[in-house]
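*Asks:* Sequence:
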Amino acid sequence: MSWHPSIPASWRPSLTELECPLPASRQVFKCEDLMEDFNYTPSIIEPKWQQRWADENAFRTPSDPEELRSKPKYYVLDMFPYPSGAGLHVGHPEGYTATDVIARMKRMQGFNVLHPMGWDAFGLPGERAAVREGKHPAEIMTRNIDNFRGQIQRLGFSYDWEREVNTSSVDYYRWTQWIFLKLYEKDLAYMADEPVNWCPALGTVLANEEVKDGKYVETGDVVERRMMRQWMLKITLYAQRLLDDLDDLDWPESVKEMQRNWIGRSRGAGVTFAIDGHEQDFTVFTTRPDTLFGATYCVLAPEHPLVAKITTDEQREAVENYIAEATNKSDLDRTDLAKTKSGVFSGAFALNPVNGQRIPIWVADYVLMSYGTGAIMAVPGHDERDHEFARAFDLPIIEVVSGGSKPIEEEAFTDCNDGVLVNSSGDQGLDLNGLKVPEAVNATIAWLGDKELGEEKIQYRLRDWLFSRQRYWGEPFPIVHTDDGEVVPLPEEALPIALPAIDQYRPTEDGRPPLARAGDDWLRVTLPDGRTGTRETNTMPQWAGSCWYYLRYLDPTNELEPWSEEAENYWMPVDLYVGGVEHAVLHLLYVRFWHKVLFDCGLVHTKEPFQKLFNQGMILAYSYRDEGGKYYHPDEVEENDGGHVTRQTGIPVNTQIEKMSKSKLNVVNPDDVINAYGADAMRLYELFMGPLEVQKPWQMKGVEGVNRFLHRVWRLVVDSKTGELNTRITNDPADSNDPLNRVLHKTIKKVVSDTETLQMNTAIAQMMIFVNEATTAETLPREILSAFLRLLGPYAPHLCEELWSRLNGEGLLAHASWPTHDEALCQDDLITIVLQVNGKRRDEIQVPKDTAKEDLERLTLDSDKIRKYMEGKEPRRVIVVPGRLVNVVV
RNA sequence: GCCGGAGUGGCGGAAUGGUAGACGCCAAGGACUUAAAAUCCUUUAUCCGUAUGGGUGUGCGGGUUCGAUUCCCGCCUCCGGCACCA
Numbered sequence: 000m001s002w003h004p005s006i007p008a009s010w011r012p013s014l015t016e017l018e019c020p021l022p023a024s025r026q027v028f029k030c031e032d033l034m035e036d037f038n039y040t041p042s043i044i045e046p047k048w049q050q051r052w053a054d055e056n057a058f059r060t061p062s063d064p065e066e067l068r069s070k071p072k073y074y075v076l077d078m079f080p081y082p083s084g085a086g087l088h089v090g091h092p093e094g095y096t097a098t099d100v101i102a103r104m105k106r107m108q109g110f111n112v113l114h115p116m117g118w119d120a121f122g123l124p125g126e127r128a129a130v131r132e133g134k135h136p137a138e139i140m141t142r143n144i145d146n147f148r149g150q151i152q153r154l155g156f157s158y159d160w161e162r163e164v165n166t167s168s169v170d171y172y173r174w175t176q177w178i179f180l181k182l183y184e185k186d187l188a189y190m191a192d193e194p195v196n197w198c199p200a201l202g203t204v205l206a207n208e209e210v211k212d213g214k215y216v217e218t219g220d221v222v223e224r225r226m227m228r229q230w231m232l233k234i235t236l237y238a239q240r241l242l243d244d245l246d247d248l249d250w251p252e253s254v255k256e257m258q259r260n261w262i263g264r265s266r267g268a269g270v271t272f273a274i275d276g277h278e279q280d281f282t283v284f285t286t287r288p289d290t291l292f293g294a295t296y297c298v299l300a301p302e303h304p305l306v307a308k309i310t311t312d313e314q315r316e317a318v319e320n321y322i323a324e325a326t327n328k329s330d331l332d333r334t335d336l337a338k339t340k341s342g343v344f345s346g347a348f349a350l351n352p353v354n355g356q357r358i359p360i361w362v363a364d365y366v367l368m369s370y371g372t373g374a375i376m377a378v379p380g381h382d383e384r385d386h387e388f389a390r391a392f393d394l395p396i397i398e399v400v401s402g403g404s405k406p407i408e409e410e411a412f413t414d415c416n417d418g419v420l421v422n423s424s425g426d427q428g429l430d431l432n433g434l435k436v437p438e439a440v441n442a443t444i445a446w447l448g449d450k451e452l453g454e455e456k457i458q459y460r461l462r463d464w465l466f467s468r469q470r471y472w473g474e475p476f477p478i479v480h481t482d483d484g485e486v487v488p489l490p491e492e493a494l495p496i497a498l499p500a501i502d503q504y505r506p507t508e509d510g511r512p513p514l515a516r517a518g519d520d521w522l523r524v525t526l527p528d529g530r531t532g533t534r535e536t537n538t539m540p541q542w543a544g545s546c547w548y549y550l551r552y553l554d555p556t557n558e559l560e561p562w563s564e565e566a567e568n569y570w571m572p573v574d575l576y577v578g579g580v581e582h583a584v585l586h587l588l589y590v591r592f593w594h595k596v597l598f599d600c601g602l603v604h605t606k607e608p609f610q611k612l613f614n615q616g617m618i619l620a621y622s623y624r625d626e627g628g629k630y631y632h633p634d635e636v637e638e639n640d641g642g643h644v645t646r647q648t649g650i651p652v653n654t655q656i657e658k659m660s661k662s663k664l665n666v667v668n669p670d671d672v673i674n675a676y677g678a679d680a681m682r683l684y685e686l687f688m689g690p691l692e693v694q695k696p697w698q699m700k701g702v703e704g705v706n707r708f709l710h711r712v713w714r715l716v717v718d719s720k721t722g723e724l725n726t727r728i729t730n731d732p733a734d735s736n737d738p739l740n741r742v743l744h745k746t747i748k749k750v751v752s753d754t755e756t757l758q759m760n761t762a763i764a765q766m767m768i769f770v771n772e773a774t775t776a777e778t779l780p781r782e783i784l785s786a787f788l789r790l791l792g793p794y795a796p797h798l799c800e801e802l803w804s805r806l807n808g809e810g811l812l813a814h815a816s817w818p819t820h821d822e823a824l825c826q827d828d829l830i831t832i833v834l835q836v837n838g839k840r841r842d843e844i845q846v847p848k849d850t851a852k853e854d855l856e857r858l859t860l861d862s863d864k865i866r867k868y869m870e871g872k873e874p875r876r877v878i879v880v881p882g883r884l885v886n887v888v889v
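Per numbering that gives the first Met the number 0, the first sequence starts with residue 0, numbered consecutively.
In case anyone wonders, no lab produced these hints; they're calculated from the structure.
Treat the hints with caution; some may be incorrect.
What the hints assert, rightly or not - Derived DSSO-like pairs: lysine-lysine, alpha-carbon spacing no greater than 27 angstroms straight-line: (1) Lys255 - Lys214; (2) Lys456 - Lys185; (3) Lys211 - Lys328; (4) Lys308 - Lys340; (5) Lys181 - Lys864; (6) Lys47 - Lys70; (7) Lys663 - Lys629; (8) Lys839 - Lys864; (9) Lys233 - Lys456; (10) Lys629 - Lys185.
Using the sequences provided together with the hints, build the complete structure.
*Replies:* Shown next as structure tokens:
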């Protein structure tokens, strides 16, 4: 184990602590082994209070109907982790600490609080670890979960562990299968031959959302296109609702915007083009129907079914070669923007519906089969891509919207607000000349409708969700393929379909998914109607389990239904959902889709699952790298004349702030921090670092700062020489003239409002101000300390429970009532008024808080300094801001 | 390229139209100590000045206002997302 150089040796844990294999909550400390003193010792009090909370079941969520009715509810949820082998990093507890503070405060404020934790335990990494270690994925996950749970429990979070869920347990995934049956019943799940993202390295297909730049986003493995028969979910049917309902959510604007972009709604028109000399026609989608007079050619995607039919004999060879070339290209090549446009003429001509003009039909891979109709009308004058293509192949460019800054041959004019239509009338009766673009769009759509040549069309970028994977470690589908060729859902009574034991987790030699290895005992099924068939061998993607876990927490042990109606009615929606921004699109879009389906089934009563969403920012760390790019562990580096050098060899190293990673040697392990400073310091620092939502670097020195603060809090209550209560503590009631009492009430006010809005860094700063004040106060009324401990309790629960019990005796602080502030005590009697001349601060005066405006004005003009700066001039205007300042304008 | 977000001391950050730099870190000085750690106290944006004091200062340039870190316009830089989506 290595230590950050800033951790003093005296704070590093003893060997016995480190070697103890049990989680901290189970560790037994022998007091006589430890130095006899009365200082704050987190290693003793933290396990002690964790044990007390567990013994008393302090954070059990009420489920008795009577108890539920008696109080309002608050559901605060963390994005549950994927329990990886690497264990917790300091980024996890950041969000967990914030939600725990909220949960503890709400509980003390008299809410019934649901604050659960669980595990997103299906998925690829577990399966790969299983292959690597020759163990069952369930065994790997159990081990990882135990590790995660132990680490999380050391931080003293107030989760109700009786409600823990695990997506890979049969009790859980039987209901994931059950929800799939609902999707199937509603005709939202279907099998289709689709061009899918096949990842050869992983041996599975991936959803569109999991692929970026032709690579799997998680591993960077290259993905290729393949036609395969796969399960799809009709998320596109919900596109508009997924878009509309974003408006009412209290979510970060950036996340809403990312979802809107992903759904990608465009309004435009479908326009039908006849093909010269053919019976058939084709439809294009365009957002700019106003530019129809500028269409000088059309383009079909290479995969478009019409290509083979319309290609002329002269062009056939060239077209076939081009298609073969395009098909072989990876998505990475096809979407590479740097490459020049390619394409080939099909030999056929389309007829422009607005003027009957013959325009050539080209085949080019810059048109994608997967968007719109796979065919476009090309308007090189007003679309950059068409412009580039027209220039490359010498096709005509016509200006139909005037207003561009350069000649149309040089640059496409794409602005669609101020341009005015020109060259846009034809013998078919449409005349757009003189109209602005938006008017022209509407006029064209209306005209196309009249002539039955087209209509308004809303197009979404969102595509149906590819929902099957060729993996072992996922939910089996409750589906049978009968021998007579039908796809049949199994009845509810057949659930759960448990994963069979198999000997290897690879696909079979002939390329079928791993479940095909299960053997006929599992694979072959006789249906109630007597027909026989084979089970579906694909499994569901990892996203499935996380699409409804927040509902299972409501009623986690229900064996008859996924959740009860009463529980759903009481607890939903989730009041606060906290997690990383990396889930802004995938997880959050999928969950919202499932929730809406469940809503349509009458199984949930809210349109949206998560009323308020908060993304915590990533925690970064300093890393040290020499000229040659070699990284050094912070332990090996020391400061030198403002720079950093290696401790041993004195090589200068550059300091940078980066994402934590093993290869950069800058990972901070939460266990090390807890061992050195305790869980309360860890919790407090995670929140004190800065605003919760921003990226910020971990600085071990900052932990020392909050650690010092906690020691000061301890000494307010405990005399560290005797172990008795601080002799300054009195039983006198809090006096309204006591300045400390005023600071307390200001602190209560600020802690409440800042905690509600998750501005916990400033809440902690205010509590530090209180402690600074209390440290120098002559007397410490018990009543004031008691209120302060309740404020700090949600942030540093172990320390505060200990001090609470010493100060007040019986009863848990976690169950104490929340203090309220007296507004009158938050206002100072004497306030400072700043005096300005022409907006510059020149003097200040102390006045009673309710001094009248006129008096303030008079006092200002009487001030020597102010008179000096007025230079004998008459005041032109005097602005008085009550309680703040007076500004004299001369 | 498009869409979001951000730019404040040596560092993390505070202030959302009204005293810029709360709180913490670092640093310096002092008290306590045989000594060190811990603790406590003081100083700590910057420039001129011994000082009273004064000037400058929230990425850059402009604007609105009695008053702008905060609002508006233009630019620069960084971070995140999307990207041949017709």
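*Asks:* Now tell me if each hint is right for this structure.
*Replies:* Consistency of the hints with the structure:
Restraint check for Lys255 and Lys214: satisfied, since their Cα atoms lie roughly 25 angstroms apart, inside the 27 angstroms limit. Taking the CA atoms of Lys456 and Lys185, the gap is near 25 angstroms; set against the 27 angstroms cutoff, the hint holds. With a C-alpha separation of about 16 angstroms, the suggested pairing of Lys211 with Lys328 holds against the 27 angstroms cut-off. About 24 angstroms separates the Cα atoms of Lys308 and Lys340, which keeps this hinted pair within 27 angstroms; it holds.
With a CA separation close to 79 angstroms, the supplied pair Lys181 and Lys864 exceeds the 27 angstroms bound. With a CA separation close to 30 angstroms, the supplied pair Lys47 and Lys70 exceeds the 27 angstroms bound. The suggested pairing of Lys663 with Lys629 holds, with an alpha-carbon distance near 9 angstroms, which does not exceed 27 angstroms. Restraint check for Lys839 and Lys864: satisfied, since their Cα atoms lie roughly 12 angstroms apart, inside the 27 angstroms limit.
At most 27 angstroms may separate the alpha-carbon atoms for a hinted pair to count; Lys233 and Lys456 meet this at roughly 19 angstroms. Proximity of Lys629 to Lys185 is assessed by CA-CA distance (about 57 angstroms); at most 27 angstroms being required, the pair is judged violated.
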